[in-house]
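Colleague: Kindly generate the complete structure, drawing on both the sequences and the hints.
Going down the list, the protein sequences come from chains U and Y. Heads up: the first sequence begins at 53 in my numbering, then just goes up one per residue. Heads up: the second sequence begins at 49 in my numbering, then just goes up one per residue.
Derived from the structure by calculation, the hints contain no laboratory data. On a predicted model such as this, the values are computed, not experimentally measured, just so you know. Please note that the accuracy of each hint is not assured.
Okay, derived cross-link-like pairs now, DSS-like style, lysine-lysine, Cα gap no bigger than 30 Å in a straight line [as the list claims (entries may be wrong)]:
| id | chain 1 | residue 1 | chain 2 | residue 2 |
| --- | --- | --- | --- | --- |
| 1 | U | Lys-330 | Y | Lys-270 |
| 2 | Y | Lys-175 | U | Lys-227 |
| 3 | Y | Lys-64 | U | Lys-139 |
| 4 | Y | Lys-175 | U | Lys-139 |
| 5 | U | Lys-138 | Y | Lys-258 |
| 6 | Y | Lys-175 | U | Lys-330 |
| 7 | Y | Lys-391 | Y | Lys-247 |
| 8 | U | Lys-330 | Y | Lys-258 |
| 9 | U | Lys-130 | Y | Lys-175 |
| 10 | Y | Lys-258 | U | Lys-139 |
| 11 | U | Lys-138 | Y | Lys-175 |
| 12 | Y | Lys-258 | Y | Lys-175 |
| 13 | U | Lys-227 | Y | Lys-258 |
So these bits of chain Y aren't anywhere near chain U, every CB distance computed over 12 Å [claimed, not checked]:
| id | residue |
| --- | --- |
| 14 | Phe-61 |
| 15 | Leu-68 |
| 16 | Lys-71 |
| 17 | Tyr-72 |
| 18 | Val-92 |
| 19 | Ile-96 |
| 20 | Ile-99 |
| 21 | Pro-211 |
| 22 | Leu-232 |
| 23 | Leu-240 |
| 24 | Val-241 |
| 25 | Met-255 |
| 26 | Glu-386 |
| 27 | Gln-399 |
Label-pair ranges, simulated between beta-carbon atoms [what the hints assert, rightly or not]:
| id | chain 1 | residue 1 | chain 2 | residue 2 | range |
| --- | --- | --- | --- | --- | --- |
| 28 | U | Thr-167 | Y | Ala-236 | 37 to 43 Å |
| 29 | Y | Gly-176 | U | Ile-54 | 38 to 44 Å |
| 30 | Y | Lys-144 | U | Gly-268 | 31 to 37 Å |
| 31 | U | Asn-225 | Y | Val-92 | 53 to 59 Å |
| 32 | U | Ile-329 | Y | Asp-308 | 27 to 33 Å |
Heads up, the beta-carbon is just placed ideally off N, CA and C, and yes, glycines get one too.
So you can see what is in the structure, the chains are spelled out below.
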Amino acid sequence: MIIQQLFNGLALGMAYSLIAVGYSMVFGILRLINFSHGAIYAFSAHMALLFISMKFGIIPAILMSILITGILGILIDKTALEPLRKKNSIPIASLITTIGMANIIQNLLMIFFNTERKPFPAFFDFGMLKLGSVQINSTQIVMCLVSLILLVILTLIINKTKLGLAMRATEQNSKAANLMGINVNFVISFTFFLGGASAAIAGALIGGYYQIVYPGMGFMVGLKAFAAAVLGGIGVLHGSVVGGLVVGVSESFAATFLGSSYRDSVAFIILILVLIIKPTGLFGKKDIKKV
Amino acid sequence: MDKKMKKDTSKNFIFKMETLIEKYKIPIGIACAAVLLGFPYIGVNQYIMRIAIMIGIYSMLALGLNILTGYTGQVSLGHAGFYAIGAYTASLVSLKLGAGFIVSAIAGATLASFCGLLLGLPTLRLKGTYLSIVTLGFGEIVKMVLMNWDKVTNGTLGLKNIPRPSVFGLKLTLANNGIYYMMLVLLALITLVCILIIKSKIGRAFMSIKEDELAATMMGVKTTRYKVLAFVISAFITGIAGAFYASMIGFIDPNSFTFDISTLIISIVILGGMGTIRGMFVGSAILIAFPEVSRFMMDYRFVVYGIVLVVMMRFRPQGLLGWKSQMPYKFPKLAVQELEKRKKGNMQTQQV
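Modeller: Put into structure tokens, the structure is as follows:
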């Protein structure tokens, strides 16, 4: 039973960490909580559903949804956030802008796709696997593997490529990075693209896992993934993975041992405890403020 | 050069307006009071009265958050939690103990401010965005407790038949406009308290923390204590608003206090203009009335609501009424007395 729940939690946690990475990257560079990320995730799931219903085949449909969601991320940055950066406006203005954006996306989804819950094909279900007394759903294994591979790819992009170097430089000091000839705005847009794309993959995975999609789906998942990102130390990639796993596992344990109504809040309780004990999160670097 | 000129003229305009308002302060005040008091008698129906009351409630909420976010600079994304605590505590006190509105409202507000104290204590260690994150989590946890503590809160079914407030045996309802006047009285009281706080030493300490926490510490302001105090005051006001909301609407459940409410409150504060009192009324009037006025747009109204927020932040991030006062700064009486004493002392020493 415990091992079973552990696997449930791990699979879900990997998908959460994919969303958490999006929060984490944007926060690392802009010091901004991107509240529209949950809505982006819901958007991606709907796009995947739309393309699947247009008979593109499942893999091309998901690829297209990844592309379009990434572009949506860039669009949000270019239309709403970049002008604010140029004007050097107060941080809370950007925060409210992302809340407004989330509102726009979510309500447009409601208009075009209805508010009802729509079935999503279980496209990676290959039956159950038996390991001794434990039954593992193959969807969970696929979820874990796909997320793991993607997270490795993301880490490679950030640590090994030139663009990743630019991202890290911008994260440390965007002004200095700009002076070194880095196109900071391009780097930020690229970050939003990566965040959107990983959210889209998570959207397809979680959609396929629960086999259900609806416009409000991004809200709670977004908050939880955000909690995961902060838990692991926001701005740190492997931190998001650990945070996501912690949130996913604790959620599935809480759902079985405390009752399903607790599952949504366990993430926040852990989050607050971690923040009070270690404010920067598990792997966060300490900011040193110079006067 | 051109831009500077333009800025100067706008400053002049604000200065002129302010001197004008200052000059006719009493007639303007009387006119506003007359309009507000007479509002139910110009033949509006109950639906509009209800919206007016909701605007009043959200003004209170915004005034509460404004103390914390507008003046002290600590962004809270979990004020729905305090709102819920105030509403639930007050309803339970009046349902189970049969207490009157005032007692139950004070009980609700006290518990809310106690939770504010608990939530404010992490500010010892947390700053900026991290604090916002904790408040966000707080809001969600409050909702979870309300949903799961079945014995007391009746879970997701919510509390029903919450008694209406009554004055001298007269039950205040929507129909006899009692609720509306009650809202006006509460709102006036809260506004007064806010103004008094802001003009006092506490208020100046709050503003110094917002402007520059480090500098404030250097000047001897005990920042942690004042931040916690801001949390407590803010939660208290929010709790009163919650208690009033519960007795007005008569039914509450955990879904009346979602994260959307928190964002709505903070949107009001920012739209109206952070760190102003006037902005709170305008902000809540716009954001609460907007979904009602724009019913003809049907499904699109919440899209437009989002667009309004985004456009506002782009072109006027300081809020609609968020200008800085151009009037000369009025020193508090004590400070003036102290200054005069010192002046006299100086003159005496010079004479000697």
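Colleague: Each of the hints needs a verdict: does it hold here or not?
Modeller: Verification of the hints:
1. Distance hint between U:Lys-330 and Y:Lys-270 is fulfilled; the C-alpha atoms sit about 23 Å from each other, no more than 30 Å.
2. Taking the CA atoms of Y:Lys-175 and U:Lys-227, the gap is near 23 Å; set against the 30 Å cutoff, the hint holds.
3. At roughly 28 Å between alpha-carbon atoms, Y:Lys-64 and U:Lys-139 fall within 30 Å of each other, so this suggested pair holds.
4. At roughly 24 Å between alpha-carbon atoms, Y:Lys-175 and U:Lys-139 fall within 30 Å of each other, so this suggested pair holds.
5. Pair hint U:Lys-138 plus Y:Lys-258 holds up; C-alpha atoms about 23 Å apart against a cutoff of 30 Å.
6. With a C-alpha separation of about 12 Å, the suggested pairing of Y:Lys-175 with U:Lys-330 holds against the 30 Å cut-off.
7. Restraint check for Y:Lys-391 and Y:Lys-247: the C-alpha separation of about 24 Å stays at or below 30 Å, so the hint holds.
8. Of the pairs offered as hints, the one joining U:Lys-330 and Y:Lys-258 holds, with about 24 Å between alpha carbons and a cut-off of 30 Å not exceeded.
9. With a C-alpha separation of about 28 Å, the suggested pair U:Lys-130 and Y:Lys-175 falls inside the 30 Å cut-off, and the hint holds.
10. With a C-alpha separation of about 20 Å, the suggested pair Y:Lys-258 and U:Lys-139 falls inside the 30 Å cut-off, and the hint holds.
11. Between U:Lys-138 and Y:Lys-175, the direct Cα distance comes to roughly 25 Å. Compliance with the 30 Å bound is thereby established for this hinted pair.
12. Between the alpha carbons of Y:Lys-258 and Y:Lys-175 the distance comes to roughly 12 Å, so the proposed pair stays at or under 30 Å and holds.
13. Restraint check for U:Lys-227 and Y:Lys-258: the C-alpha separation of about 25 Å stays at or below 30 Å, so the hint holds.
14. Even its closest Cβ contact with chain U, about 22 Å, leaves Y:Phe-61 beyond 12 Å, as expected for a residue assigned away from the interface.
15. Distance check on Y:Leu-68: its Cβ is at least 29 Å (rounded) from any Cβ of chain U, clearing the 12 Å threshold; non-interface status holds.
16. With a minimum CB-CB distance of about 33 Å to chain U, Y:Lys-71 clears the 12 Å threshold, and the non-interface call stands.
17. At the 12 Å boundary, the C-beta of Y:Tyr-72 stays outside the reach of chain U, the nearest C-beta of that chain being 33 Å off.
18. No beta-carbon of chain U comes within 12 Å of the beta-carbon of Y:Val-92; the shortest separation is about 29 Å.
19. Look at Y:Ile-96: its CB is around 25 Å from the nearest CB on chain U, clear of 12 Å, so calling it non-interface holds up.
20. A cut-off of 12 Å between C-beta atoms confirms that Y:Ile-99 is not in contact with chain U; the least separation is 20 Å.
21. No beta-carbon of chain U comes within 12 Å of the beta-carbon of Y:Pro-211; the shortest separation is about 28 Å.
22. Even its closest Cβ contact with chain U, about 29 Å, leaves Y:Leu-232 beyond 12 Å, as expected for a residue assigned away from the interface.
23. Non-interface status of Y:Leu-240 relative to chain U is upheld: no Cβ of that chain comes within 12 Å, the nearest being about 27 Å off.
24. No beta-carbon of chain U is positioned within 12 Å of the beta-carbon of Y:Val-241; the least distance is around 25 Å.
25. At the 12 Å boundary, the C-beta of Y:Met-255 stays outside the reach of chain U, the nearest C-beta of that chain being 15 Å off.
26. Consistency note on Y:Glu-386: stated as away from chain U, and its beta-carbon is indeed over 12 Å from all of that chain's, at 30 Å minimum.
27. Remark: the non-interface label on Y:Gln-399 is consistent with the geometry, its nearest Cβ contact in chain U lying 43 Å away (cut-off 12 Å).
28. Range check, U:Thr-167 to Y:Ala-236: about 40 Å between beta-carbon atoms, so the 37 to 43 Å window is met.
29. The given range of 38 to 44 Å is respected by Y:Gly-176 and U:Ile-54, whose C-beta atoms sit roughly 39 Å from each other.
30. Here the CB-CB span from Y:Lys-144 to U:Gly-268 is close to 34 Å, well matched to the stated 31 to 37 Å.
31. One distance hint, 53 to 59 Å for the beta-carbon pair U:Asn-225 and Y:Val-92, holds here, with the actual separation near 57 Å.
32. At about 30 Å, the CB distance of U:Ile-329 to Y:Asp-308 agrees with the hint of 27 to 33 Å.
The earlier numbered hints are all upheld by this structure, with none contradicted.
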